[in-house]
Amino acid sequence: IKEHIDIPGIKYKAEIGVFGMDVNVSLERTGYRVKRRRIKRNHVPRRHLLSKEEAIVFAKNYLNLEIIEEG
1 IKEHIDIPGI KYKAEIGVFG MDVNVSLERT GYRVKRRRIK RNHVPRRHLL SKEEAIVFAK
61 NYLNLEIIEE G
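Numbered by this note's numbering, the letters in the sequence shown go through residues 1 to 71 in order.
Treat the hints with caution; some may be incorrect.
Claimed, not checked - With beta-carbon atoms standing in for the labels, derived distance ranges:
#1 V57 with R33: 35 to 41 Å
#2 P8 with L65: 22 to 28 Å
#3 E15 with N42: 51 to 57 Å
#4 R33 with I68: 28 to 34 Å
#5 R38 with L63: 40 to 46 Å
#6 K52 with G31: 32 to 38 Å
#7 R33 with L63: 18 to 24 Å
#8 I56 with Y32: 14 to 20 Å
#9 R46 with P8: 40 to 46 Å
#10 H43 with P8: 25 to 31 Å
#11 R37 with N64: 29 to 35 Å
No wet-lab data here; the hints were simulated from the structure. Small disclaimer: the values here were computed from a predicted structure and weren't measured. In this text, a Cβ means the ideal position worked out from N, Cα and C, and glycines have one as well.
Can you make the complete structure from the sequences, with help from the hints?
Encoded structure:
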């Protein structure tokens, strides 16, 4: 049986059924490296930070992802 994802070394078990994976992603705006770099580090203004809502809209519109929020 061909599974929806194919992981080497793992065999399909009918009693488990279809399984998924949790994925964590970190999104940043262009220029955010200024805050982390070693030389000439500087403050990044709050308006330049990416909000959770903006990240969700980006993932839905540009990456065609389904967002499932647990909480």
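Hint check results:
For the hinted restraint 35 to 41 Å between V57 and R33, the CB-CB distance of approximately 23 Å leaves it violated. Checked against the given bound of 22 to 28 Å, the beta carbons of P8 and L65, roughly 24 Å apart, stay inside it. The hinted range of 51 to 57 Å is satisfied by E15 and N42, whose Cβ atoms lie roughly 55 Å apart. Checked against the hint of 28 to 34 Å, the pair R33 and I68 passes, with Cβ atoms roughly 30 Å apart.
Between R38 and L63 the Cβ separation comes to about 31 Å, which falls outside the hinted range of 40 to 46 Å. A C-beta distance of roughly 20 Å is found between K52 and G31, which places it outside the suggested range of 32 to 38 Å. Checked against the hint of 18 to 24 Å, the C-beta distance between R33 and L63 comes to roughly 22 Å, which is consistent with it. In this structure, I56 and Y32 meet the distance hint of 14 to 20 Å, their C-beta atoms being roughly 18 Å apart.
A hinted range of 40 to 46 Å for the beta carbons of R46 and P8 is consistent with their spacing of about 44 Å. For the pair H43 and P8, the supplied restraint of 25 to 31 Å is violated, since their beta-carbon distance comes to about 45 Å. Our hint of 29 to 35 Å for R37 and N64 holds, since their Cβ atoms are close to 33 Å apart.
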